[in-house]
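Asks: Please take these sequences and the hints and turn them into a complete structure.
So the protein sequences, as listed, match chains A and B. Residue numbering for the first sequence follows our numbering, starting at 1 and increasing by one per position. Residue numbering for the second sequence follows our numbering, starting at 384 and increasing by one per position.
Honestly, I wouldn't trust all of these hints.
[As the list claims (entries may be wrong)] Straight-line distance between alpha carbons at most 25 Å, and here's what the computed DSS-like set of lysine-lysine pairs gives: (1) Lys772/B <-> Lys293/A; (2) Lys449/B <-> Lys64/A; (3) Lys609/B <-> Lys563/B; (4) Lys64/A <-> Lys772/B; (5) Lys293/A <-> Lys747/B; (6) Lys126/A <-> Lys772/B; (7) Lys63/A <-> Lys92/A; (8) Lys450/B <-> Lys63/A.
[To be verified] If the Cβ cut is set under 7 Å, some of the chain B residues that face chain A in the computed set are: (9) Arg448; (10) Lys449; (11) Tyr458; (12) Lys460; (13) Ala461; (14) Lys510; (15) Val785; (16) Ser786; (17) Pro787; (18) Leu790; (19) Leu791; (20) Trp795; (21) Ser798; (22) Val799; (23) Leu855.
Calculated directly from the structure, the hints in this document are not laboratory data. Backbone N, C-alpha and C fix where the C-beta goes; we use that ideal spot for every residue, glycine too.
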Amino acid sequence: MNCTRRNFLIGGSTTLFLSGYFPKISFASMQKKNLIIISLRGGMDGLTAVPVIGDKRLKKLRKKLILEDVLNLNSDFGLHPKLEIFHKLWQKNQAAFVHATNIPYTGRSHFDGQNLMETGAHIPYKEKTGWLGRGLLASNIIGKGLAISLPMPLLLRGVPQNNNFFPSPDFVETKLIDQIYNEFKGEHNELIKSTLDTIRQRPLSMQIATDSDDRKKLALEAAKQLKDQSGPRVAVFDLDGFDTHAAQGGVDGAHADELEEVNKIVTILHENLGQAFDNTLILTLTEFGRTIKQNGGYGTEHGYGSAILMAGGLLKKSQVYTDWPGLKKKELFEGRDLNSTVDSRAVYNSAMSICFNQDPEFLRKEVFWGDELPDLSQELFKI
Amino acid sequence: MSLNFYRRVAFGLSPNEKPDKDPLNWAINQLDTIPDLLWPGTIPTEKDLRKKYGEWVYGDREVLRKKFKNDKHAYRKAKDELRIKTGERYFELNEHAIRHFQTKYSKQPVFERFWLFWGNHFAISEKDFLAEFSTGPYQREIIRPNMVKTFEEMVQSVTTSWCMIHHLDNSESFGPNSKKGMEWGETINENHARELLELHTVSPNAGYTQEDVIQLAYIMTGWAHKWDRKNLETGDIWFDQEMHQKGDKIVLGVKYKNDAKRELAKVIHDLATHPICIKFVSTKLCRHFITDEPTDEMIKPVIEAWNKSNGNLIEIHKAVITQAYKYNENTHKFHPPEIWLMQLSRMFDLNIPLSFEKMNYTFKSKPNNRQRQLSWILREIGHSPYRAKQPNGWSDLEVDWVSPELLLRRFWFASVELPMLVKSGNRSHDFILTCLKNNFDDHENMASLIENFRFGISDYDLGQKYGVICNLPGVLKT
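Replies: In C-alpha cells:
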C-alpha cells in the first residue's frame, strides 16, 4: 500500500456520468433536500441518550448514572428526558435512532477519533478531506455547504466554495464591504472577488448578525438559509463538551447539559424550517461512545459503540435501529464498552444517497473507498 | 525595489524605521544569530510549565474528579479554581504576548518570520493541554535555538521533545516484541512515525509504504515520557529499553541494525538529508515567502544552498530570502491572519501586546479582559497560532484563508477593534499617511481613499479609515 494522501479534488465529479445511476424524476426529488450534521465532540454516550431499559448489568455498573425517569420509546429503549424534541417527533415518525454504532475506530483518542469521524477513513490524519465534502463533490453539488463555525470543518472539506457562518462580535458596515469590493475590481483575484460576491449577496439578517456565542441565533439563521430553495443543502454544526470523565450524572448531570444543547438546536431547526423539515435529515456524529462502567469520579471513560440521533421528515419511521450486541461482559468490546454492530459510515452514506439523489453504491466507492457499507436507505429513510 | 519586500520577508516597517538602501542585504544580515527574546515580562522555562501542566492534570484527574463525583456544580467550581491556581488560563496568553512582542520590536524581523515558519512546519496541534502550557515554550526552546544549526539537528530536537512526543503519542508506542510490549500485550502507535515521514521530512513524494511506517515506528519505540504517580504523563523524555522493539529494521530500503537508542539518530540523519526531503521543505519555504505555487526555477537555488551547506539553516534561509527578493516584483503572496495582524501592529505601532506590567499574573483570579485581548483577537480572526486543528499545522495557501467569514472577520477587526488599539499620540490623519508612505509604493492612492475622513479622530472615524486600508488587495497580499 502506498501512503500518499488521496486528492479527492481531482476527478471526483467526472465519474458521475459513468455511474449509470439516474435518479427518478418526481416532484419529491425536485424539492431540495437538506442534510444537517451535528458533530458531538468528546464522545457522546449512547447509553445516556438512548438508555436500554431494564438491563440489570447496566444498573449495577452505573449505580450513580442511572436515569430515574426516561421518556418512553419502546419496550427496549427509553430516551433521555432532555431530548424532548426527539420524543415529540418520534410520535410523528420524524425521529429515530441507530444504536450500538460507531465509526470503525477503537483507539479511544479524541484527536484521532474526531479526525476519523470527519474523514471517514481508517488511519488518523491520512486523509485531508471530509466524507461530506467528498460526497457533495461526487454528487456535483458545489457551493451548497454551510458550516456553522469559523474554520471550515474537516468534514466539509474536499468540495470548493462552501460558505461559513459564524458572525464576529460586531457587524461590518455594508459600505465598507462595498468599498473593498470596488478596490478588488481591477485585481485578477477571482477567489477573493467571488467570496466578496457571496458576502454581498447574503440576506440582511446574516449581514447584521453578531455574537456567535448564541447558538440559538446561529441555528435560527441556518434554518432560514436551508429553507430557501436556492440556499445551502448541507449544514454542519459543532458541539463539544461530551467528554464527561467526572460528575456525568443522570437526568441532570454534565452529559445531560450537552444533550440539552442538541435538543435546542433541533428544536429551533424544526420550528423554523417549517415545510422544509419534511425534506430534511438531521444526524449526529461522534468519535466514540463511553465505557459501561462508571469511574471513580462518577463519570465514564472513552469507549467504542455509541448512538446516532436522527430527526427529520425524510426518516422512514420512528424506530431504534440496532443489532443489539448485549451488555454482558463477553458481549462488550474488550470487556468494557458497548460494541458497535453497525458501521456508522453506512448510515451516513445512505443519508447522503437520499439527500443528494445519488446511488449509494456509487457514493460508497467515491467517498469511502468501496468499504463494505450496506445500503440502509430502505430501512431508515423515505425513498 | 518595492516597499512590499519588507512585508514579504518581515512585518513591514514601524514608524521609526526607514527603508534600507540595500533591502536584500538588510534582510540577509538578520539570519546569522538568534535574537534575544525582548519581552520584559516573565518567560517561564519549558520545564517549569510542564510542572504546571502536571499540577493541573493531577489536580483534576486524581483529586477533583474523585472528590466531587456527585456534584457537577461543585466540581466545576473547584476546577475553575484549579485553573486559576495553575495558570491554565494564563500561560497561553503570556506566550502570545512573548511572540507578538518579538515580531513587533525585534531588530531581526526576518529571523522572526522564519521562527514562525518552522514552528508551523513542526506544528503542535490542539491536543490535551499543550496549547495552554507547552506549545509556547516548545517554540522558544526547541525550535528557536536550532535555527542556526542544521535541519537534521532541528529534526532530532523536535522528535525527542516532550511536546512532540506527547502530541503524537509516542509514549504509547510499544515494540510488540519488547519486554513491556510482551508483558502488557501492547503494540506500536504509528502516529509519530507517520508524521515524521509525511509532514516533517520526506513527505509522501518519497513513496514510502505502510511497512516503512511500521518499521520507523519500531525504531522510535522507547522514546517516551517517564511516568510516575505524581507527574503522570508530564515526566521527562527518556529512552525506555524495555519498550523498544528488538531486531533490525528497514526504512525506505535502508537497513538499521538493532542498536537501541542509537537507531533513531541514524534514521533521522537519512531522512533529513534525503533529496526528496530537501525538495519538499525547500518548496514549503518558497511557498511561504514567494508564492503559493513556487516553480522549480524558484526552488532550485534553495536546494543548491541546502546541498552545498549540508543542510545549514542559516545558508538555506539566506537562499530563500535571495529568491524572495528576486521574485518580489512579479509574484504575490496572501498573508494568513496572524501575520497580517503582526504587520499591522508593527506598521501602525498598535497597542498590542499589552505592557508587561499589566500582563503580570497573581494566580488568584481569572486573567482580565485586557490580558486576554490579544489571544481573543487571534481567535476571532481565525488564527490562534498554537491551536492548529491537525498536525500539519496552519495552511499556507490563500484558498484556505479566503472564506466569507474569515474575510469578514478581518474587516471587523480593522474597522471595529483596531481603532481602540491606536495609541493616543497616533490618532491624527498625518500619522496614518506617514505609515502608509513608509510601507506602500502606492501610498498616495491609498491616502485618497480615506481623504474624506481626514478630520476625524474618533474611534468610528479611525474605523472608517483602517477598515479600508488594512483590507486592500495590496495589504492582504504582498
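Asks: Please go over all the hints and tell whether each is borne out by the structure.
Replies: Verification of the supplied hints:
no.	hint	result
1	Lys772/B <-> Lys293/A	31 Å, violated
2	Lys449/B <-> Lys64/A	13 Å, holds
3	Lys609/B <-> Lys563/B	14 Å, holds
4	Lys64/A <-> Lys772/B	35 Å, violated
5	Lys293/A <-> Lys747/B	37 Å, violated
6	Lys126/A <-> Lys772/B	14 Å, holds
7	Lys63/A <-> Lys92/A	34 Å, violated
8	Lys450/B <-> Lys63/A	17 Å, holds
9	Arg448	3 Å, holds
10	Lys449	5 Å, holds
11	Tyr458	5 Å, holds
12	Lys460	11 Å, violated
13	Ala461	10 Å, violated
14	Lys510	5 Å, holds
15	Val785	5 Å, holds
16	Ser786	5 Å, holds
17	Pro787	5 Å, holds
18	Leu790	6 Å, holds
19	Leu791	6 Å, holds
20	Trp795	4 Å, holds
21	Ser798	6 Å, holds
22	Val799	5 Å, holds
23	Leu855	5 Å, holds
Checked against the numbered hints given earlier, this structure breaks hints 1, 4, 5, 7, 12, 13; the rest are met.
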